[in-house]
Amino acid sequence: MTDGSRTTHAPCPGHLPPAASRRGFLRSTANGFGGLAFAALAAREAAGSGPLAAREPHFAPRARRVIFLCMQGGPSHVDTFDHKPRLAADAGRDAPAGAGRPGRATLLAPRWRFRPRGRSGLMISDLFPEVARRADDLCVINSMATDLPAHPQAFTQLHTGTTQFVRPSLGAWTLYGLGTVNENLPGFITINPPVAASRTYGSAFLPAIYQGTRLGGGLGGAFRRRGPAVTALADVQSPLFDRAEQRLQLDLVQDLNRSRLELDGGSSPEIEGAIEAAELAFRMQAEVPDVMDLSGESNHTEKLYGIGDGVTDAFGRQCLLARRFAEAGVRFVQVTHGTWDHHFNLGPALENACTQVDRPIAGLLEDLDERGLLDETLVIWGGEFGRTPHSQGTDGRDHNNRGFTIWMAGGGVKGGMRHGATDDHGYAAVEKRMHIHDWHATLLHLLGLDHERLTFRYAGRDFRLTDVHGEVAREILA
Amino acid sequence: MSHSRLASPRARHLPAVGLLIGVCLLTPGRVSAWTAEEIAAGRAHWAFQPPVDRPPPAVRDVAWPRTPIDRHLLAALEDAGIAPVADTDRATLIRRLAFDLTGLPPAPEEVRAFVADTSADALERVVEGYLASPRFGERWARHWLDVARYAESSGKDSNVPFPHAWRYRDYCIAAFNDDVPFDRFVREQIAGDLLDVRDEAEQARAIVATGFLALGPKGLADRDARQFRLDLVDEQIDVVSQSMLGLTLACARCHDHAFDPVNQHDYYALAGIFLSTDTLYGTHAQQRNLHPSTLLELPPAAGLPPAVADLSAADLARLERRVADLETAAEEMRREVAMEQREGGNPVTGFVRVRAARDRAATARVDRSLFRDDGSPRTLAMGALDRPVPVDSPLLARGELDQAGDLVPRGLVEVLCAPGEPRAIATGSGRLDLAYWIGSRDNPLTARVLVNRVWLKLMGRGLVTTPDNFGTMGMAPSHPALLDHLAVSFMDDGWSVKRLIRRIVTSRAYALSSVHHEANERIDPDNTLHWRMDRRRLDAEAIRDAMLAVSGALDETPFAGSLVARAQEDPFGLAQVIGQLRGGTFRHRSIYLPIIRDQIPEFLGVFDFPDASLVSGTRDATNVPSQVLFLLNNPETTALAEAFATRVGRLPGDAASRLDAAFEMALARPPQADERAALRRLHDAFITDQPRGADGARRALVAACQALLASAEFRSLN
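From first to last, the protein sequence lines are chains A and B. Counting in the working numbering, the first sequence runs from 436 upward without gaps. Counting in the working numbering, the second sequence runs from 636 upward without gaps.
The set of hints was computed from the structure by calculation and includes no laboratory data. As the structure is a prediction and not an experimental result, all values here were calculated from the model. There could be a bad hint or two in this list.
Said to hold, decoys possible - Per the computed footprint, the stretches of chain B lying under chain A, defined by three or more beta-carbons under 8 angstroms from a beta-carbon of chain A, are: (1) 1119-1125; (2) 1258-1264; (3) 1332-1340.
Don't be surprised by glycine CBs; every beta carbon is placed ideally from N, CA and C.
Make a model of the complete structure from these sequences and hints.
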């Protein structure tokens, strides 16, 4: 399924009343809220009047959807994707003035070898041998920068553009801008978000329908974790009633809702919202468990993602779920992996973290490619900041916000490419610096959205994801 | 108790004081601080002018208004050419009142009695009854707890439990039930330990109130002790200024304000006040908590309820044995690891193992320390006390510790004080000055902010739609004269919240229908002018409490203490608390549910419970599919539907009359013909479809009852 050929999802296209007469139509179907009424709801969305209806972007998009693999904690760039020969050469010397505590921090050489990979010869360290095989897909941005070297603020900025205010998340903006192409599923799903990070999938002042639906990673919400890795939709099945009985029950709920709507004078956004939510819930009940059921996947696919292998199994399943959601029409899928906060014990801990994600990520890229989805799916890898070139303690690195690395692949970016650079040791972006705002602007651009035109009026002001900043990095566009 | 002292309220006579705070924008290039002229000009902002109660404007339709509130609203409506819609029916009105005042639905007989009672004072009597009900405090305290970012754990990385936070919750419930004057309520929360009191009981109550300052979110794993302390102070400045003044003073931590005349100097003058305060939030030292603190112990004479039951002699002995065993185990672990180190073991894992063993022992010691030697529990509370020697804070450029400048004398914010008025603190921390300055008639913000919060909860939207921000970046009031009328009459009424609520709910405006009106909607689609009542979705607590009440499962007795207080203080304690809730056996009102930061009970989370780390004057009211799944499929709600069906099944009569009764219990009105028919359809389909032997009638009733609880009307207020 590709979005290009399928911008709407209406079950009975032959019987769609005009969206404008929807209220009258709802009132007229006094006996049961059956399939025709669903068709009417779908018609409304098809006609562009529903908040989730697929919408035309501002210009031709290069990517139709996003899978954001978010490495929470700040992965070390100088040990993975930012090759710094001078750092190895100067290892043991004092950190430059202004970096770290004077006289107490010394430059720490990366202990994993960087090698040229693929036809492009991108330098990637041995921490990512599998991802390295997809080097020619990667657009590695070495010149990322963010405002603050503190986790909560930087993590929030990565997802919302701001370090302190409650603002809509990247996924919510995307859904607001583009709508969704499968109304049986939430348009924005976040898998395994860290606790206390609801802002990373929140809608803030955007309508709540644009918030991410959480899968795993905590308690409450529509989804919750079951077991260490397997995730499932919560409350998907009645403990008492089968599906036919539940349809009868839902018909009663909707009859009562319609009756209330009539008592309210035929217009009530609250009741109408409730009617739509109930129908989407019923449809999700049927479709989401299927999308989340990995049992039909082939051995080949499972192997690709490292499913069944203890180290890679958990993240592999999450990546496979991400592909299944993307394939089923979810606009924005976010998968969080933590934690990359390696203040000490860097050697074993970083290697362990990389091993957990390396094969699953490579598998995801390969799988998307095999299915012809990679061209229009933007895959992103990165965390909230990088780590210092100097050591913290004997084997650790501290937070580094002035220069770090994020890479992207697929959906409209040039592969096998390096963009921007940090200084000799990897402290700060010195060439083609890409602040989070610039990165957000570029992401939206890839999705066909002009970050200056994607606005929402709130409290008398037009808000943007990029506030008053942001410059699209045109060099990386394919 | 040695903290009693005679307060000397500084009755500050503030002229048109002004403080402008809005969105916090960093302005790296700005070097000049705000000048005296700029500060003076900033005082023109409406919210910094003292409120004045002017006579309500004349209206053409003199018959419509019942109270001054109505005249203010009608005047604006008439200007816009809109007539208010009709009054709502009496059944809808009493349901509205019951939920708004007590958070619970009216029983069918209450509704029928009110519908039948046409006497002139029927409304007043119902309102008095609800205001006098202990359920009132449980409803309105929760609104304040949103604003006070109340929770029972530290949040952030460590999320260590605050087992004594519930005392502050109970303090708030009692304060609203007793109608403690709001200025007093404010002063107690800022400086209850310093206020003049009659006796130990009152003092204990006032000290518990200062828990307000202690129960904010804390990064207990932060490595830098000075940074931790500054962050704690910053959080206190933030919660005090947002909740009570509707201002975000904490913005000035890192830089002078971009637009508004607040300098960093002002911030650090305020910071000194809180740096001179000991914030006692409990918690003990462990691997994930580098900043433990003590608690306040209150005397038995204060008569406060215990958090946990007495320990028997045997249990006490068992607990002491556990402490001894774990201490021995910790010592053995230390020796074992030391031996391994000598043989080249991994120092990091060794350290972690020793630390974990010591933490287990420390936790057991804390569990033991909750009890006296006779097994009776000690009375502990979170709170604040003045430090013996007050300190001033240095000004930190960019808010950074390594850029400390000159000391700033403790004091109040310059622009809020009269020109030339001494702002410095003479004695003590300055919290008492701050308390009297905020809880004061001379403060133009305190009363306005509070009446707006109350109006918002009763009418669906604030007169100021940014209830936590009355600064220049906040929204201007839709009805400034009405806001001032409410603020002034509220203060004239002795800051009585109950009288304020009575004033609003006995207005004609409150009793309007919420029905759609095409012509009015074209002129004022958002109902800003209040030509009708806004339809509102009930908040999470009211939905859960109503489901419990309707199904006959509600336990109306206040829950003693909190599940968090009863849990172990180790990392598994909080997980156990959440596990306990899953069983659905907790049937007390929702305000007594454990509020653990980032682990909010599912029922509350599904229905938009706010972030318990932030000041939240408004709540989301979403309508999303997960709520429907929760209402139809969750074991907890399903069990309530079954209880509801059991209750209805015991009623006399036939299936049809039982369905009617269920409808009336759930929605506080009898069903209409089409609704009755829909219920009947479901019932008949279930009976017909059942395999032989299945209890079709029972299943039909459960399905119907659940549908009623899941209907949009059940969770909305019309």
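For which of the previously enumerated hints does the structure constitute a violation, in increasing order of number?
-> The structure conflicts with hint 1 only, although it agrees with all the remaining ones.
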